[in-house]
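*Asks:* Quick mapping for you: the protein sequence lines, in order, are chains A and B. Be aware that the first sequence starts at 1, since it is given in this note's numbering, and climbs by one per residue. Be aware that the second sequence starts at 1001, since it is given in this note's numbering, and climbs by one per residue.
Source of the hints: derived by calculation from the structure; they are not laboratory data. Ideal Cβ positions, reconstructed from N, Cα and C, are used throughout, including at glycine. It is possible that part of the hints are untrue.
Short, incomplete list of chain B residues facing chain A, as computed with Cβ under 10 Å [claimed, not checked]: (1) R1137; (2) G1238; (3) P1442.
Ranges of calculated distance between the beta carbons of each label pair, as one might list FRET restraints [stated by the list, open to error]: (4) B/Q1275 with A/D116: 53 to 61 Å; (5) B/I1101 with A/D329: 36 to 44 Å; (6) A/P295 with B/V1516: 32 to 40 Å; (7) A/G77 with B/P1220: 16 to 24 Å; (8) A/D276 with B/P1220: 54 to 62 Å.
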Amino acid sequence: MRFRSAPAVAGIAAIALMATACGGGGGEDTESGAETTLVIWSDPERAAAIETAAQEFAETNGVEVDVQELAFGDIQGDLLNAHQAGNAPDIFIGAHDWTGNLVRNGAVQPVELPQDRAAALDETSVQALTYDSQLFGVPYSQENIFLMRNTELAPDAPETFEELVEVGTTLKEDGETSEVLSMAVGQEGDPYRMNALFASAGGYLFGQDADGNWDPDDLGLNTDESIAAMEKIAEYGEEGEGVLRRSIDTQNDAALFFDGEAPFFIAGPWNIGDADASDIDYAISPIPGFEGEGPASPYIGYQAFFVTEGGANSALAQEFLANHVTDADFILSLYEADPRTPVQLEALEEVSADDANIAAIAEAGAEGTPMPSIPEMGETWEPLGKAEAAIIGGADVRETMESAHDTIAEKIGG
Amino acid sequence: MASDSNAGAPGPGVPARTSPSGGRSSGSGSLWGQLVKISLLGLFTALAVWAVLPLYVDGNWWGMAVVAAVLVLVYLVYLSKRTVPLKYLLPGVLLLVAFQILPVLYTMSTSVTNFSDGHRGDKDQAIAAIEAYSVTRAEQGREFGLTVATVGDPDLGELVFLLTDTEGTPYVGDIEGLRPLDDATVDPGSGRVTEAFGYTVLTPAQVNARSRELEEFAVPVGDGSGIRANSLSTAYEGRATRVYDADCDCVTDTETGVVYTADDERGAFYDEDGQRLPQGWQVNVGFDNFARFLFNPTFASSFFSILVWNIAFAVSITFLVFVVGLAIALTLHTPRLRGKVVYRVLVVLPYAMSSLAMYLLWRDMFNTDFGLFNQLLGTNVDWLGDAWTARFAVILANVWLGYPYMFLVATGALQAIPRELTQAARIDGAGAWQAFRHVTLPMLMVAMTPILIATFAFNFNNFNAVWLITKGGPFPSNDPSAGATDLLITYTYRMAFSQATAEYGYAAALSVMIFVIVSVMSVISLSRSKALQEVDR
């Protein structure tokens, strides 16, 4: 008898044990449930700054702010999955060109800025976050690529791309450097960087309507202008001058410049820290366009705060975006943690006065175009990049561009 | 052999520690054993309760039933004295179901949907997003200072907006409409109402607690416009231009007059010209995803050329690592060789290093201008830019990383073969090659065949090997989605995660296909190797 009841005793004991364990846990739950916590996703570089800057907001509204760190590149994908699973953050930071994809997945809430708040921001930046006449995020900083030169080797900023190549080639022939220009192309191409030259030579990817909205139906890669532009670029490719080469990619482009192997470098704000740490004397200037053609037009990317759709704290999140992200003091404290060009006009003015690099980068971006934020844009990177890499490698320009055009048209048509 | 493989079911089961002999006389086992059993069962029950709570909140009765069934099963098995084999098998089986079978089933169920960007959620979510996204500020729309209040209780009372226009005149707005407000105190600094008779002004935290209601809340002011909150302290006049009508199952754009009708086959709203609204929903598309890569000419040609290369890739790597590994093992097996240990350590080195770092190193060594190969050889080969040299490069790098393992296994197997056998063959007049071919190799193959099958299956899905060196490239200029060195797994990954429009449904269909291919190949080779062993005996 004793043996037979043993299993039942064991079972009851197990359940009793579990019950006591849960009893302890349950008590804690009820105590911590009252406090509202606003969850923000940020990349590690800015997390601390956002946390500090958001403290004031938290105290005013009697809530807590929890900033969670994710790699910037992971935020979009993780957010879409988290939103679907119902455990997304209330606010997240992202790039303006994600807008189209976030909107089509219904993952963000529209933001309606009070008019005076919107007026305090750079107009193009607000336009960049607008999709289908609706604002979806509040921009706070911008970035664009520029030309960084080694002032010891090339004291003057080149006015044209031809001049850049001439100066660089002379240095290369004199044995001072081994490269003319360090511009990342890679085996897969880099349309983000290449757009500056592509636009200068008259090429275009998507047309724009009168209001500045991107028109996905007007895909321009197979137009004569775009093909002529790529032919111009191909002259500097591997079969031509050898200035643009697939062997230079984002892994080694900075090293070439910082080792003094290249006098010119197509760089971005993310290279400034390394540049300051290196022994190279550098200066920043706009990327020069081709002689007799339009100015080089780098893509401008904006970073923005977004509110997740369906979040439990959307009222506070909207309040944070409308009245804090647009605030000069908040933006300045973010700038101090991570020096990027602000789009809040008052903050930009204050920062440009002290930081020569910010002013120079802003000048380099003066001719820039906001990167199209329509979802169709995403479909162009791979095909266009691969086409550009092939053309720089010596492939037939017309044929390659037309086939890239058809590939993209097929993808965005469906 | 067959009985051995049963024991291979993983037995991480700590619970199996109780009453191992299971005889009738073993009874309740030791006291210590009982205590361990009780605490583990208690832990498991706690886990089940923890799992049930969110399911209960969601009202997912099926999920709760499954958890309860598993719990009952665990109790029955570990409290009964008759289910001894199950006590050992259950933990492994549960883990197998949770981490192997469920993902496969989930992938299969995804593969018949159009789950992709623009088709993630359900139809209601899509409609909610379409309506919410179409709210635009009315032309010359008014702006208001806002104080959110309720009638009565802050948590349950009806929401009202206490508004002030630009002149500072107070209004009250509720679902009925906008009315002037008389008994209100307006703060001259912020221009907002701070107190009003009959209404409870909410704190920011209280407003936030009612976020969901606030998102929907609009004070109607005629012709479809409404006053909505755009922060805790401001409101604006706007209108939704797209409205869903359940009767026609369509969305009408009140501004342009275009009607978008729901298409439940494709999961989106389409107008007459075939233009769709961006927000769609997930629908079942049957076997369309499979049909796409099997029958659609462009996708089928990518799929089958990748499949052929994938098999060639796995076969050639398996063959080459086997040949190289075995050759080195045979060389170092020579009895008179001095410094064997040093050589063996050197040979195993590539295996000891992180393969991720090694792949990146190999990629850099193949760089046209700055890479080691071209600089050493004095050539100017565009290694990763040409289809065949890129294929050569990924195979070379993988043979380098893969042969040490084969060498280790072969060395072990060789040492288990008595040298007398080879010597006897030599005395019988066999040459060195003949002795190897007919005596050593067959005995070696018994140990090596399963390893070779595993190597093949591993390399068939060797994602890192390709992704880190070439990312699947180089790509033909007319098809940037399928490269010369793409394996099915890298192709699938690009479809699901790396391209702009994530196509989970299509990628899941490809995964199912890979699963079928690898399973069929493994089953065939395993049954053939079994035949081989029986011949040997």
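*Asks:* Which of the listed hints are broken here?
*Replies:* As far as the earlier hints go, 3, 4, 5, 6 and 7 are violated by this structure, in ascending order.
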